[in-house]
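K.L.:
Per our numbering: the sequence shown = residues 35 to 383.
Just so you know, the hints here were simulated from the structure itself, not pulled from any lab data. Everything numeric in this text was worked out from a predicted model, so none of it was measured.
Within a straight-line C-alpha distance of at most 27 angstroms, the following computed BS3-like cross-link-like pairs (lysine-lysine) qualify:
1. K307 x K176
2. K63 x K128
3. K140 x K128
4. K105 x K94
5. K307 x K331
6. K178 x K105
7. K273 x K128
8. K176 x K97
9. K140 x K63
10. K176 x K105
11. K273 x K307
12. K178 x K307
13. K105 x K307
14. K273 x K178
15. K178 x K128
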Amino acid sequence: MYRMSVVEFLKNREMGERHGLLAESSVYKPFRYPWAYEYWLAQQRVHWLPEEVPMADDVKDWKNKITPQEKNLLTQIFRFFTQGDIEVNDCYMKEYASVFGPTEVKMMLSAISNMETIHVAAYSHLLDTIGMPEVEYEAFLKYKEMVDKYEYLHQFHCDSKEGIALTMAVFAGFTEGLQLFASFAILMNFPRHNKMKGMGQIVSWSVRDESLHCEAMTRLFRAFIHENPTVWTKELQDKVVECCRDVIRLEDAFIDLAFEMGGVEGLEAEEVKQYIRYIADMRLGELTLEPIYGIEKNPLPWMDDMLNGVEHTNFFENRATEYSKASTQGSWEDAFAVHDAEAEGTSAH
Numbered sequence: 035m036y037r038m039s040v041v042e043f044l045k046n047r048e049m050g051e052r053h054g055l056l057a058e059s060s061v062y063k064p065f066r067y068p069w070a071y072e073y074w075l076a077q078q079r080v081h082w083l084p085e086e087v088p089m090a091d092d093v094k095d096w097k098n099k100i101t102p103q104e105k106n107l108l109t110q111i112f113r114f115f116t117q118g119d120i121e122v123n124d125c126y127m128k129e130y131a132s133v134f135g136p137t138e139v140k141m142m143l144s145a146i147s148n149m150e151t152i153h154v155a156a157y158s159h160l161l162d163t164i165g166m167p168e169v170e171y172e173a174f175l176k177y178k179e180m181v182d183k184y185e186y187l188h189q190f191h192c193d194s195k196e197g198i199a200l201t202m203a204v205f206a207g208f209t210e211g212l213q214l215f216a217s218f219a220i221l222m223n224f225p226r227h228n229k230m231k232g233m234g235q236i237v238s239w240s241v242r243d244e245s246l247h248c249e250a251m252t253r254l255f256r257a258f259i260h261e262n263p264t265v266w267t268k269e270l271q272d273k274v275v276e277c278c279r280d281v282i283r284l285e286d287a288f289i290d291l292a293f294e295m296g297g298v299e300g301l302e303a304e305e306v307k308q309y310i311r312y313i314a315d316m317r318l319g320e321l322t323l324e325p326i327y328g329i330e331k332n333p334l335p336w337m338d339d340m341l342n343g344v345e346h347t348n349f350f351e352n353r354a355t356e357y358s359k360a361s362t363q364g365s366w367e368d369a370f371a372v373h374d375a376e377a378e379g380t381s382a383h
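Sequences and hints are given; from them, build the entire structure.
P.N.:
Structural data, given as structure tokens:
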């Protein structure tokens with residue numbers, strides 16, 4: 035794949051792309067990408083902190099209610115959970131922040147990046163609360179299945195237009211949008227059986243954040259290829275599909291490792307594998323590509339039921355998932371509405 039030089043990249047920004055996604059804003063308004071501001075606002079309206087979630091019952095569950103198989107499953111997920119979001123946040127800070135120019139787009143990216151730091155702190159809070167030692171934060175390096183996932187993400191960089199598109203596809207579509215959802219599904223199975231409900235609240239908020247991030251970043255992806263149609267070649271499209279298959283393969287191995295002691299109440303490894311293929315087809319569609327797995331019905335319908343309802347209200351005192359500190363008007367769905375009337379893939383100048 036062609037890699038443009040730094041000089042050529044800067045020249046493109048200065049000479050040929052004064053009004054595109056790679057061009058800086060000279061003034062705050064008018065926005066060139068108003069939808070990006072709406073995503074910034076949606077994320078800011080649903081800010082949360084891990085300390086808001088009571089975890090006392092989770093400690094009791096971990097000590098007294100969780101079976102050895104369940105504890106091993108959770109431990110394997112936890113070992114890579116925090117690191118996974120560190121990798122995602124690094125992509126926002128090191129890759130996206132270095133190439134995208136419009137102020138409203140940078141606001142969106144910084145809001146998402148900030149929320150990734152909340153996720154990192156929240157997952158760490160969960161591990162610390164149940165008493166996992168700090169050595170577990172590097173334990174993933176001892177497992178090939180986790181190291182393979184970790185190393186795979188390090189090959190994608192925004193050092194060319196093709197690289198920008200591919201990096202967005204892999205991180206938005208297949209990391210935030212797919213890989214994390216395997217772990218989310220496994221973890222959300224516990225509160226539906228009245229176990230680890232504090233963990234369930236943290237995960238349910240994280241799922242809603244990541245869904246917003248995936249929607250925002252695939253929107254940015256479509257705007258980018260709309261502005262740069264010559265980038266979206268058959269070769270690059272095939273590469274994106276290949277990356278999707280790679281992520282599925284890596285995640286299958288990770289799922290097998292996590293379920294090494296067998297299934298748990300309400301969930302088997304094969305169900306999670308089918309679920310991520312269902313999610314993969316959805317993400318490919320958001321990247322303007324055709325599905326490759328043909329799974330049209332959600333293999334884990336209870337995930338939708340848990341995440342769409344007002345979950346854990348009795349346990350979480352007066353707060354439900356759709357809370358908004360910034361506004362008392364509208365619903366969660368309102369907060370996440372992002373101008374569906376606008377044509378998908380346009381840059382909304």
